[in-house]
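A.B. asks: Spelled out from the first residue to the last, the chains are:
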Amino acid sequence: MSGNKEEEDPRINGIKTRIRVVPDFPKKGIMFQDITTVLLDPKAFKDTIDLFVERYRNKNISVVAGIEARGFLFGPPIALAIGAKFVPLRKPKKLPGETIFEEYELEYGNDRLEMHVGAVEAGDRALVVDDLIATGGTLCAAIKLLERVGAEVVECACVIELPELQGRQRLKGKPLCMLVEYR
Amino acid sequence: MFAVENGLLGDPRLQAISDAIRVIPHFPKTGIMFQDITTLLLDPVAFKHVVDIFVDRYKHMNISLVAGVEARGFIFGPPIALAIGAKFIPLRKPGKLPGRVISEEYELEYGNDRLEMSTEAVKSHERALVIDDLVATGGTLSASINLLERAGAEVVECACVVGLPKFKGHCKLKGKPLYVLVEPTQLDEITF
Numbered sequence: 001m002s003g004n005k006e007e008e009d010p011r012i013n014g015i016k017t018r019i020r021v022v023p024d025f026p027k028k029g030i031m032f033q034d035i036t037t038v039l040l041d042p043k044a045f046k047d048t049i050d051l052f053v054e055r056y057r058n059k060n061i062s063v064v065a066g067i068e069a070r071g072f073l074f075g076p077p078i079a080l081a082i083g084a085k086f087v088p089l090r091k092p093k094k095l096p097g098e099t100i101f102e103e104y105e106l107e108y109g110n111d112r113l114e115m116h117v118g119a120v121e122a123g124d125r126a127l128v129v130d131d132l133i134a135t136g137g138t139l140c141a142a143i144k145l146l147e148r149v150g151a152e153v154v155e156c157a158c159v160i161e162l163p164e165l166q167g168r169q170r171l172k173g174k175p176l177c178m179l180v181e182y183r
Numbered sequence: 001m002f003a004v005e006n007g008l009l010g011d012p013r014l015q016a017i018s019d020a021i022r023v024i025p026h027f028p029k030t031g032i033m034f035q036d037i038t039t040l041l042l043d044p045v046a047f048k049h050v051v052d053i054f055v056d057r058y059k060h061m062n063i064s065l066v067a068g069v070e071a072r073g074f075i076f077g078p079p080i081a082l083a084i085g086a087k088f089i090p091l092r093k094p095g096k097l098p099g100r101v102i103s104e105e106y107e108l109e110y111g112n113d114r115l116e117m118s119t120e121a122v123k124s125h126e127r128a129l130v131i132d133d134l135v136a137t138g139g140t141l142s143a144s145i146n147l148l149e150r151a152g153a154e155v156v157e158c159a160c161v162v163g164l165p166k167f168k169g170h171c172k173l174k175g176k177p178l179y180v181l182v183e184p185t186q187l188d189e190i191t192f
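Line by line, the protein sequences give chains A and B.
In this text, residue positions in the first sequence follow UniProt numbering: the first is 1, and each later residue adds one.
In this text, residue positions in the second sequence follow UniProt numbering: the first is 1, and each later residue adds one.
Note that these hints are calculated values from the structure, not bench results.
Here a beta-carbon is modelled for each residue, glycine too, at the ideal position from N, C-alpha and C.
Wrong hints could be hidden among the right ones.
Simulated restraints, written as ranges between beta carbons of each label pair [said to hold, decoys possible]: (1) B:Pro25 - A:Glu164: 45 to 51 Å; (2) B:Asp56 - A:Val53: 20 to 26 Å; (3) B:Lys96 - A:Glu147: 26 to 32 Å; (4) B:Gly10 - A:Pro26: 46 to 52 Å; (5) A:Glu8 - B:Gln186: 52 to 58 Å.
Pulled from the structure, derived: some chain B residues nowhere near chain A, Cβ distances all over 10 Å [stated by the list, open to error]: (6) Glu5; (7) Gly7; (8) Asp11; (9) Gln15; (10) Thr38; (11) Asn62; (12) Glu105; (13) Lys168; (14) Lys174; (15) Pro177; (16) Glu183; (17) Pro184.
Output of the computed footprint for chain A on chain B, the stretches with three or more beta carbons under 8 Å from beta carbons of chain A [to be verified]: (18) 47 to 56; (19) 75 to 81; (20) 90 to 104.
Throw the hints in and build the complete structure from the sequences for me.
C.D. replies: Shown next as structure tokens:
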């Protein structure tokens, strides 16, 4: 099973109702999907993590890569529960050791995602985690970083998908698991 | 107060945690021996030790809220919050949190920065834990305490994985106790 919304599970609705949509943030026209309200509900937060852990615990995932900063909220609990390494993928100049980077496009200009050299090894089976997938640009950069060092990206996991932006198509053929769609 | 001063003297988990932290000399600038916790996160056993020690300490203290400082506080805070059944609140750099926020300035070596918190996150009289990876000057933690108190919470303690030795004993930050697992790793103990 890959790329499926966990449609049947009754916990999904509880999570969806906890997501706060904030209009015109960070700028006009954007309906911002605020997951911090999910974190204010211990049951909804736990359910979110449990759903991903149940999916990944028997898939031999050796590394969970979380995208700064909201991927840091969900990635580590999943990594701890499945016994995997956690690797933070960060904005430029935050990681102190030797890094490799991958550029990706923003609406205006580019940004970069960095990973520590040596954190992920050839043969690692990786899960990429972020709170939301929009255009898929950041997730695609994450996949590229992991593949460059020889890891196999098994899946990308996000709490929320904005399907109209078709980010799912930009994941270099990798499957996406998400819990909640926002149209 | 360090873990070794409070019941965990000789606990092998503390050595494992310390050994898993990497020192990067002269980052972000000359003279700073940066305590890199990313190598701790690459060791699932040592990472779990950190969470277990904090959870054992806080699970019976009626903590309803864990506040984590962006960004490395986001890595340690949520697992603790999940295990003790508390809310998690991110304390963020300016402009990142949507909706209504309150903000607190704090000093850097050169200039100031600000930390923000959502106004709707905290109810009055909640018992809060503040978490970050490391405490040096205490500026960020003090700003965090201020934010939570302004919103009506009671800060029970601040917790960090690494702390400078000056925080031994009953050192307090703005009157609040501080709990630290390990001292900074030294250069001749570099692990990879």
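A.B. asks: List, from low to high, the hint numbers that the structure doesn't satisfy.
C.D. replies: Result: hint 10 breaks, nothing else.
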